[in-house]
Amino acid sequence: MGTLPELFARWFAGRGWTPRPHQLALLDAARAGRSALLVAPTGGGKTLAGFLPSLVDLAENPREGLHTLYVSPLKALAVDIARNLTAPVEEMDLPIRIETRTGDTPANRRARQRARPPHILLTTPESLALLLSLPDAAKMFGGLRAVVLDEVHAMAGSKRGDQLALCLARLQALAPGLRRVGLSATVAHPDALRAWCSPTADARDIALIEGAGGAEPRLETILPAGHLPWGGHMGLASAPEIYRRIEAARVTIVFVNTRAQAELMFQALWRINDANLPIALHHGSLTVEQRRKVEAAMAAGKLRGVVATAALDLGIDWGDVDQVIQVGAPKGVSRLLQRVGRANHRMDEPSRAVLVPANRFEVIECRAATEAIAAGELDGEPPRPGGLDVLAQHLLAMACHAPFHPDAMYDEVRRAAPYALLSRRDFDDTLRLAENGGYALSTYERFRKLFRDAQGLMHIAGSTVARQVRMNLGTIVETPLVKVKLRGGPVLGEVEEWFVSTLEPGDAFLFAGQLLRYERLEATQIIVSRGGEGDPRVPTYAGSRMPLTTYLAARVRGILAEPARWDGLPDPVREWLRLQALRSALPDADELLVETFPRGGRWFLVAYCFEGRLAHQSLGMLVTKRMERAGYGPLGYLGTDYVLACWSAFEPTDVATLFDEEMLGEDLEEWMADSSMLRRSFRNIAVVAQIIERNHPGQEKAARSMTMNADLIYDVLRRHEPDHVLLRATRAEAAGGLTDIARIGALLARARGRIRHMRLSRVSPLAVPALVEEGREWVPGGARDALLAEAAALVADATDGAEAFDEALADVTIRAQMDRPRHRVVEARKARRSRYVRNAPRSASPRA
Amino acid sequence: MIAPLHLAGERLGLCPSGVALWPARRTLIVADLHLEKGSAYAARGAPIPPYDTRETIRRLSLALRRHDPARIILLGDSFHDRAGASRLPAEDRAALARLLAARETVWILGNHDPAPPEGLPGAATEALTDGALRFVHIADPAAKPGEISGHYHPKATLPTRAGPVTRAAFLADAKRLVLPAFGAYTGGLDASDPALARLFPRGGRAFLIGAERLFSVPLSAGRRAAPSPAA
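Chains as they are written, first to last, in numbering that gives the first Met the number 0: chain A, 0 to 847; chain B, 0 to 230.
Treat the hints with care, since some could be wrong.
Not the full set, but computed from the structure, chain B residues with beta-carbon under 10 angstroms of chain A [claimed, not checked]: (1) S38; (2) R43; (3) I47; (4) P48; (5) A84; (6) L87; (7) E90; (8) T159; (9) G162; (10) E211; (11) R212; (12) F214.
With the C-beta cut set under 10 angstroms, the calculated list includes, among others, these residues of chain B facing chain A [as the list claims (entries may be wrong)]: (13) D51; (14) E54; (15) R65.
The following residues of chain B were derived to be distant from chain A, with all beta-carbon distances above 10 angstroms [stated by the list, open to error]: (16) G12; (17) R25; (18) R97.
No lab work stands behind these hints, which were simulated from the structure alone.
Small disclaimer: the values here were computed from a predicted structure and weren't measured.
Positions of the beta carbon are idealized from the N, C-alpha and C atoms, including for glycine.
Turn these sequences into a full structure, and let the hints guide you.
Right under this line is the structure:
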């Protein structure tokens, strides 16, 4: 094992640090010109390890030009690393310039960076894609020696990761000797990650260096002093306990799962903040300035606590953070470990974290997570092939840089691991997609974005097209956002357009930690003022509804099935489980418990399969299709890690048939194709592939109304060119969110003859938390027509079928339904002024 | 299943396919085809599938075959823009011509397509009055009873016990009928939107489109419809 050059050794010593084995191992690999992947828990000095070889090289061989590129998934991370790198560079007086380049970098600095590049450039995947699309990319990156990829575990396997992998393949082509350094937290599939980081997509061409594991984290679960809810995931009842913990520690991060939750928790804490502790709020919909302020205050030690969402999740060095509180179920062991790793960066000391389950079910989940961590089990998604939509966007971007030959490009993209197995057919179809949509009907010849010259090189069709391509780079598809501006004050952040459409002037809502009153909608923003009366709402975000897999299903099932294991569980939880046994039944290890009950004007079926979200998503497709055939009128379903919940217009009576293994051979294609899951995939794919225009937040209203409804396009394309590459990509992406039929078959086979159907008159205790989970999918079928017929008939009844056009008649629709005894549930809605969709899209069908 | 509607003393029929019928004059009425919307987007750099024209013509052909009218009135915005007709693929143009040649065709001019389509059969006009009925593209709030128009692409939401359901819809009252948009790529405007609501100041009736039939419900002047969030 090599040693540090003297200058660096002295600097380490001056800090009181000893170089760690993995830091030296990376240095060795670099000296041999080898790429390397470092896998280590947070706080292991990973970042310094990644940069050390570059600093050493530049110290020993000073030169001009871009030497090292650093890519991180977070804009904030890049800014923070710059701050941390600057310290060793200044203290050792190294001739190294370090700069950042992200979406927030102002134009004049961008120009300066192109004219006189820094030695180390810190950037994001999106900014890298943009830089590579510029004509001078070859000049800028031609002398690049190293690229450091941070938090690769968070990027590989996603569309962002696909785009980054393609960009890396391009960098490798521009700078053949390029050395890669991947930095990752500990993961379940290290080999897949190696292949992803490798310059050739082959795991053998990159060294794997494993950092020593830190001390095991110490987890503690706390409950609210009063009532522990059955369902709901906000966790506000625990605010007093959380506050006490914040008081008792130096600096705390309170992690929550959604932005709405962050706003509410922040409010709840401030309401009881008698000691006036400085507690801040941080989430993705706040303005950049606001987020930077919080990050800077954190780093300067001015805050005692931050309520934050995943936007803060990744590797920022928090210095003095000594407590991490995770509110709500952690959604995955690896994710939890990474968050826990934020607390106390000293490797030898154990990180401490507090879990705050928001409902009784989450208590069990937290218990399962704690057990899994103790058992050293890690989770994570296996790799999947790269998206063709990302490839299409990449091809357009590459053409913006310079003309390319398809053959050479095909070879180049296959050196990116997600595209290593790309077929030539898929490549050619994707290229055609990029050119002009690639339709069999050749009427778009004159609307090409790319054209082929006599030598077979692909060119971008002009500067207007190039500009449009660059403006629409990126793999994240936002739902349309609207700025929130204080009257006579600054912009506070953004909310989703959908949420704005449910507001009326005077409505109150919580945002950016304040109570606001909605005044009016201007072209691209809403104007609000401080204050507001009535029950305030909180903006929810469709974008945050990415249901995550916890991989804890088997453990949770085990805990539930064995009352003997309930000993350590809190009293309220045991009581809840006993109530479940009384009102319904407890899921047994050997049988499939299925409950059915009416609720909210619909019929619910909840099956406690414990097979994991992917299997339940597939099962949901199958079961709802069978429900359609049986005439139950299915409307939608929700697959969580633990249960499958379906809802329908009519009561599902014959449950055994729905779960029969025999009929597995039936054709689900059409049914699936019509579901919300595939429609959503299609929309995102069409936007990334630059077929449908992206929604730009600052756009003029007229421009925004140009946005095509992707559903209409999807339906037309399915009918007229069912094998079009966009549809193939959609099916492939959906397959990633589902599991193969064999696994479902095994599930059903096990259940045969052992289904326990509990027919209940209302929701069971165990089902309550499932019903507030996220990830609802809508299914096609005749249910909505049946419901329309019912509703129309009701109105006709109430008005004796008269053709009166009186205003009052409209209210009859609501009242008439309330008069019916079996619809007494609608009473509750009356209290909310009968606004069906006002508070949440729970029962709204997006395209009925 | 066709829903009957009386307007200015005339008996009309509304079809779940989105067309209206006037049996007494063997007329079929349809609105807002927006043909060649796909290619209009492609010209702007968004190459969405070019099959919307084909799909719309297919649906129209089904309706024509089913009802076999002697006359067809297209209530405007038949093409997505002025140059739309010139972008028609040869095959689709021929199919459309065949469909229309067999009947009397009236093109009401729309705001998107203010000029008569070249090379296609039929007569173009701003408005057509036939007996008690008047056919225009955009409704005139001050019109006499008997007006039939399109333009607004109306849709309506009906609350059901399992949640609201939104569909394209015919809107009607004693004075007028507004047709839903027929085109494959056409979106909708909610009936509670002020632009539509002011056409029905005393309320009216909405006929929501279903798979096999229409669902008829009263339309209130002031009721705010429940919007559907993006999927």
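Hints, one by one, checked against the model:
1. S38: holds, 6 angstroms
2. R43: holds, 8 angstroms
3. I47: Where the cut-off is 10 angstroms and the nearest Cβ of chain A is about 5 angstroms from I47/B, the hint holds.
4. P48: holds, 4 angstroms
5. A84: With Cβ-Cβ at 14 angstroms, over 10 angstroms, it is violated.
6. L87: This interface hint holds because 9 angstroms falls under the 10 angstroms limit.
7. E90: Where the cut-off is 10 angstroms and the nearest Cβ of chain A is about 9 angstroms from E90/B, the hint holds.
8. T159: Holds: closest Cβ of chain A sits about 4 angstroms from T159/B, inside 10 angstroms.
9. G162: holds, 3 angstroms
10. E211: It holds, given that the least Cβ distance between E211/B and chain A is near 7 angstroms, below 10 angstroms.
11. R212: Status holds, d = 8 angstroms.
12. F214: holds, 4 angstroms
13. D51: Result: holds, 6 angstroms to nearest chain A Cβ.
14. E54: holds, 5 angstroms
15. R65: Check failed: Cβ of R65/B comes no nearer than 19 angstroms to chain A, outside 10 angstroms.
16. G12: holds, 16 angstroms
17. R25: holds, 26 angstroms
18. R97: holds, 19 angstroms
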